[in-house]
Each structure stands twice: as structure tokens, then as C-alpha cells.
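J.: Residue numbers (our numbering), protein chains in the order written: chain A, 1 to 306; chain B, 1 to 428.
Since the hints were made in silico from the structure, they are not lab data. Note that the structure is predicted; figures quoted are calculated from it, not measured. Think of the CB as a built atom: it goes at the ideal place given N, C-alpha and C, for glycine as much as any other residue. Incorrect hints may have been included.
[As the list claims (entries may be wrong)] Computed beta-carbon distance windows for the label pairs:
#1 Thr-407/B x Asp-120/A: 31 to 41 Å
#2 Val-202/A x Ala-285/B: 22 to 32 Å
#3 Gly-17/B x Ala-3/A: 54 to 64 Å
[Stated by the list, open to error] Some, not all, of what chain B presents toward chain A, calculated at C-beta under 10 Å:
#4 Asp-47
#5 Asp-272
#6 Ala-316
[Said to hold, decoys possible] These stretches of chain A come out as covered by chain B in the derived footprint (C-beta under 8 Å, 3 or more residues):
#7 84 to 92
#8 108 to 116
#9 128 to 135
#10 188 to 198
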Amino acid sequence: MTANLLSIADLGAEGIEELLRLTDSFVEVSERRIPKVPTLRGRTVVSLFYEESTRTRLSFEAAAKRLSADTMNFSVATASVTKGESLRDTVVTLEAMGVDAVIVRHASAGVPWQVARWVDASVVNAGDGCHEHPTQALLDCYTLRQRLGSLVDRRIAIVGDVKHSRVARSDVLAYTALGAHVTLVAPPTLLPPSLEGWPVEVSHDLDAVLPKVDAVEVLRMQKERQTEALVPSLREYTATYGLTRDRARLLGDDAVILHPGPMNRGVEIAAEVADQPRSVVTRQVANGVAVRMAVLFLLLASGAAP
Amino acid sequence: MIGELLVQGGTVVDPTGTRRADILVVDGVVAAVGEAISAPAGARVLDAGGCLVAPGLVDLHAHLRQPGMEEAETLESGSRAAALGGYTAVVAMPNTDPPVDCASVVRDVLELAATACCDVHPAGAITQGRAGTRLAPMAEMAALGVRLFTDDGAGVQDSGVMRRALEYASGLGVTLAQHCEDAGLAAGAHLHEGAWSSWLGIPGMPAEAEELMLARDLALCRLTGAAMHFLHLSTAGSVALVRSAKAGGLRVTAEAAPHHFTLTAACAASYDSVFKVNPPLRDDADVQAVKAGLGDGTLDAIATDHAPHPQEAKEAPFDQAPPGMLGLETALSLALAELQLPVEEVLALLSWGPAAIAGLEHEHGGPLTEGRPANACVIDPSASWVVEPERLASRSRNTPYAGRRLTGRVRHTLLRGEPVVVDGEAQR
Chain A
1 MTANLLSIAD LGAEGIEELL RLTDSFVEVS ERRIPKVPTL RGRTVVSLFY
51 EESTRTRLSF EAAAKRLSAD TMNFSVATAS VTKGESLRDT VVTLEAMGVD
101 AVIVRHASAG VPWQVARWVD ASVVNAGDGC HEHPTQALLD CYTLRQRLGS
151 LVDRRIAIVG DVKHSRVARS DVLAYTALGA HVTLVAPPTL LPPSLEGWPV
201 EVSHDLDAVL PKVDAVEVLR MQKERQTEAL VPSLREYTAT YGLTRDRARL
251 LGDDAVILHP GPMNRGVEIA AEVADQPRSV VTRQVANGVA VRMAVLFLLL
301 ASGAAP
Chain B
1 MIGELLVQGG TVVDPTGTRR ADILVVDGVV AAVGEAISAP AGARVLDAGG
51 CLVAPGLVDL HAHLRQPGME EAETLESGSR AAALGGYTAV VAMPNTDPPV
101 DCASVVRDVL ELAATACCDV HPAGAITQGR AGTRLAPMAE MAALGVRLFT
151 DDGAGVQDSG VMRRALEYAS GLGVTLAQHC EDAGLAAGAH LHEGAWSSWL
201 GIPGMPAEAE ELMLARDLAL CRLTGAAMHF LHLSTAGSVA LVRSAKAGGL
251 RVTAEAAPHH FTLTAACAAS YDSVFKVNPP LRDDADVQAV KAGLGDGTLD
301 AIATDHAPHP QEAKEAPFDQ APPGMLGLET ALSLALAELQ LPVEEVLALL
351 SWGPAAIAGL EHEHGGPLTE GRPANACVID PSASWVVEPE RLASRSRNTP
401 YAGRRLTGRV RHTLLRGEPV VVDGEAQR
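My request is simple: use the sequences and hints to build the entire structure.
T.: Below, the structure written as C-alpha cells:
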């Protein structure tokens, strides 16, 4: 594994497997009465979040703290970017304070790659624009494996705004690396203009896809997509691509529902569907901490897993 | 420069052909061309052994950033880069701050041009403020010598405005040049729309954004009978449109930039904004079509679209960084190496082709014969060099070819007989 986690593509199937194995031991740590190990004592992890995010930032922070790393937080509202400091100056300044890992979230695609060129510390992509969100994909894989066992030849539908989804891009890479078959389900305006090279099938008929899948991942539908005229209205979107109560009945008995959060209940997913036992949304969040512990451990620690 | 100068031992390549010849320059004018001219007493001798001696190159498309963006480039630094690249004349784009959209700004640029290392001819804006709505005072700018008008950086979106501009310009004997980009299709885009933009999660502009405006303008040329020039064409579809327009007898010319025949959208995979440019880097099929267009006469000129930006601007996130890349110091080498065309054809695309489009053929790009102004460059076609951004003469460093080994380099450049570049070193 490289010193950074920028893309799922950096890991490949073996790297993903290794991280998922490691995650098992950190799930065990998280279940202890005192869920903390001294593995990263004396190491410093800084969160550099240029975009609002509560859950991902807190998840990384919890992961770092459970590994006994020192944590620092840099978020855009409080920081010197509002004084006009450039991204590079900020990053170089942070590194000068002595950090071992930088967790980067930015609304622009590619920023973690830029940061990685400027610093020696390990860089973890915590979501870059509409590009990738590798730790989300890892926790999705981990959660699915808990429910489904192996992902080989499993069928997974990713439904919704794939065009603007970093989760979808990372998930497509991760699921297919682990042997699953992925179908993207969305109106053409919410798909990327070109899917050349994507190992996926595409459908515009959610009702036809749902009975065939082992898991359906519902993407968040941003309200702005309506003003951009990518869909005529959210009501029409819900009617055609929402996981409504009636549609959820088309799923097989063992099929699983994922959502990267935060959910727009009543838009892409009906409230009561989100609360069904087949929905693993809360489990995703819990696993997120363990997966991020595994990532930080792999990047920063030397020695055996606890 | 007053005095005598002998360019000795080279092979002259100009619109009249190729032959072994020395060139004697007296008072800035070619005084004699012959196989073995002996240097008059006191004459300076420039060695051209093993080199090509060509008319100075002419760039139809450079952003020299003055007035207003001097942190990126000035006429002084940009013209020095041009001279080092073999250019003796450069058309400076009008998207400065303020834009070149009236006589007073033209005068400002001409004043700065007086001390530049090559001739700098400002292009004027087609519309006031480059806003695309009201015509700029083209007649008063034309009276100061402006021959090319463009809103480059943006296309004139309104078809009615563009029609009026073409009609008005045809009465002045000037040429309008279009940056073909349909604003609706290109909205929010930072890359070529295709496999790479889709994967990288960055909005792209489809090839059709360029082709749509080009097709519209070809229709307007038919309607108005006006001549027109098309800037930095980058797609296979654009090359095909110009090819059929020329076959149909329209008076149109077109240029392509070196990066559009040497680089593809795949370069952006690293999110290094040095590869962000407008029009964006396209696909391999487009690169091949641009090369073919340059080879078969569809495209008339190679133009650099030299677009300097300070490092801090280019270090912004990809979708916030300004588009543009340096070009003046690398264009010739890239054209010689990548086009697989005879050197005469490469020089036609870099020198006498663009000179004619810019209306500069009496000064630049002409045959190196007795009585002509001595605007020339001496090219060592076998010189091998590595592009080092910090050693370029531009004030900016945004070359996409950093670290790349190129073959063929300018050794000397003469501006009206003055050696402004000698042995690869700028003399002023």
C-alpha cells in the first residue's frame, strides 16, 4: 500500500481485502468497554475539511482518538482561508507544525492529489468534489460483507445522482474489485456523460432492477439538481427513482439497503423504508469508525494490529 | 540596428524554397543572399552551420497580459520568450484589464511594443468590454493598424451581434477571429467532456460546444461574404467543418495550438492544473485530426495560445484555476518533432501562413531576398534540450512540457537585422 489513500484504485482487490481484514480487529476494539488502543500514540492526525461534513469528520476523529493519536481540526469556517490563505500555504503550514496524516475533504475534485504533492505526511481522501470517497466505499464493502458474506457475483444497484456522487465512483471501483456486478440506475441527466471504461450496467427502470439485486445503494438527491434542470422536479424524481414503500417490496427477502447519508427522507428513500431491518444505514456509520481506524493504522502504524 | 551582419553557413528555408545560402544584412535589410558571401570588414558574423535560416515566426495568438496582469507576463517578458522561440511578430490578445477595445488601450500597447524583443501587434476586441453585445470601435482601432479582432477567451454568443460585426468589419478590411465556444454547452466546464471528465468528476465541455459556434460562424460567413479566422480549433469535427467550408469556397482560415496536437485529456488525471486550458485537451482522435488538418492545408497556422498565469493561481483547485499554458518557447520544437511534416511545411504553418492572416506579410514571413526586412530565425534542428520551467523567459512557469526532452531549438533571432537572440541567449 502507498503512503496515501486517495483512490480505491490505489488499493486494488488485495488492498481492499487487507483493509477489511484489519477492520475486523478494530470492530472488536470498538466493542470493548474502553474502546481505545495505544497504537498511534505520539502521532498527529489533522482533519482539513473545506466542506461541511459532520459525520465523516467525526468518524475520522473518533477513529484517530481510539488509536490514541493526537488530533487537530481545521475547518473552513474558523480558519485562515477566510483571510485569503491559499490551499498550499495552509497545507504547508500545517505540515510545519508536525503532522503525520492529513485527512482532506474539499468541494473540488482532485484536491487530495494536490495536497499529496505538497506534503510528506500521509494524505487520506475524505471526499473530493464529485470524484471519490474511498473510506465510504470501504465501509460500504465491510457492511455488505457482514450481511451477504462474499461479494463475488453479488448484484448491487446504485440508484440516483451518480453524476455528482463521489460515493458512487469509489463504490463502483470497490464492489467490482471484490467481484460484484454493479448496475447504475438513474435518469440519463444524472449519469456521467461518458461511462467508457466503467465496469457497470445501466438501467433507467428501477422497478425492473430491484427484484434482481442483493443490495441497493440509494444516493442522496441534492435539491439543487432541480434548479439545474437535471430533473423536472423532486416529486417526479421520487416517483420514478425514489425507493418508495411500494418499490421496496420488489426487493428479495435478504436484499440490503444502503445509504451514505445524510438521507433526504421522502425524496430518494421513504422514511419507513429507511427504518426497515434490511436497511443498514446505522451499521454503516458504526463500521465507518472501524474502517477509518484500519486505514490510519495501515498508513501510520508499524507493527502488528491489536 | 545600423551596421552589417552576416548569417553564415546555413540552409535558407523560405516561401521560395530551400537552398544553401549566406545572408548579408545591412541596416536591417537583407542586402545579399548567396552561397559564399565573405564578411565585409567590421561585419558581425553569426554562425548558422548545420542550421536552418527561416523568416521569423509569427504567432497569431499570445496573451501578453499587459495592461493589467503584469504579475503573469509583460510585453517585455513575453516578447523575450517569443524571440527565444524564433518569433519576430506576435499578435497580442485583447483580453487584458482593461481590454483592448478602444483606441487609447491600443495606443498603450503599441507604446509598450516599441521596446519589445519582437513586433507586437495588438488584436482588438469585437465588442465593448468583450461583453458580446455592442460593437467596439473597430474603425478607430483599425486606423492605428489593428488588423485582427476577437473577443478571445469567449465567443460572441449572439448570432445577430456576430452578423453585424462581420458586416461592419468587411468594410474596414480587417478580419474577425472567433474563439468558438457555445456558452450554454460549455457552462461550468473545466475539461473536455468525455471519459476522463466523467471519471474525474469535473464538468466537461463537449466537442460540440466548439463545433456549434464554428458551424454558425461558417453560416454567417456565407451570409455576409466576410472573411473569418478561427482560433485554436481542437476537435476532429471542427477540422472537418473547416475542410468542407474551404472546399465550398468560403474565405476562412484557422489555427491550431501545439498542445492540441501533442497532449490529450488523459493528462488531467493527475489534477495538475497546468494541463487545464481552453479549449480543453481533447481525445486522441482529435489530436490525430488536428495533425491531419495541419498537414493537408485545412488548418493554416500553428498559434501558441501562450497563456501565462502566476503559480499561485495555478495552484488553486483544478476547478478554480485559470485555464491556459505557456507556448512561445516550445511551439517550434513540438511542431518539428510531432507533426511528421517536411520542415518547409512546418515553417509555413509557423511563419508565412500566419503572417498572411495577420496582414504582416510585407514585414514578416516573407522570402529572405534582397531588399526584405531582415526578420529571421536560425534553427538548429538537431539541438536537444529539456524544458525547465524556471529557465523560461516568461514571467510565469505554467508549461505542460516541464521535464520533457525536445529536439530542435532556435539559435539566433534577428529583428530587422538586430540579433535579439544569439546562441539561444536573449540579447535584451
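J.: Just to be sure I understand the hint, the distance between the Cβ atoms of Val-202/A and Ala-285/B should be within 22 to 32 Å; is that true here?
T.: holds, 24 Å
J.: Go ahead and decide if the range 54 to 64 Å is satisfied by the Cβ distance of Gly-17/B to Ala-3/A.
T.: holds, 59 Å
J.: With chain A as the partner, please determine if Asp-47/B meets the hint condition of a C-beta pair closer than 10 Å.
T.: The hint is violated - Asp-47/B has no Cβ within 10 Å of chain A, the shortest such distance being about 43 Å.
J.: Are Asp-272/B and chain A close enough, Cβ to Cβ, to be under 10 Å, as the hint says?
T.: It holds, given that the least Cβ distance between Asp-272/B and chain A is near 8 Å, below 10 Å.
J.: Once the shortest beta carbon distance from Ala-316/B to chain A is found, is it less than 10 Å?
T.: holds, 7 Å
J.: Quick one: are Thr-407/B and Asp-120/A within 31 to 41 Å, going by C-beta?
T.: holds, 36 Å
J.: With a C-beta cutoff of 8 Å, work out whether three or more residues of the stretch 84 to 92 of chain A approach chain B closely enough for the coverage to hold.
T.: The restraint on the stretch 84 to 92 of chain A holds, since 3 of its residues have a Cβ under 8 Å from chain B and three suffice.
J.: With a C-beta cutoff of 8 Å, work out whether three or more residues of the stretch 108 to 116 of chain A approach chain B closely enough for the coverage to hold.
T.: It holds: at least three residues are needed, and the stretch 108 to 116 of chain A offers 6 whose Cβ sits within less than 8 Å of chain B.
J.: Is the coverage entry for the stretch 188 to 198 of chain A by chain B consistent with the three-residue Cβ rule at 8 Å?
T.: With 7 residues in contact (Cβ-Cβ under 8 Å with chain B), the coverage given for the stretch 188 to 198 of chain A holds.
J.: Against chain B, does the stretch 128 to 135 of chain A show at least 3 residues with beta-carbon separation below 8 Å?
T.: holds (count 5)
Consistency note: the structure conflicts with earlier hint 4 alone.
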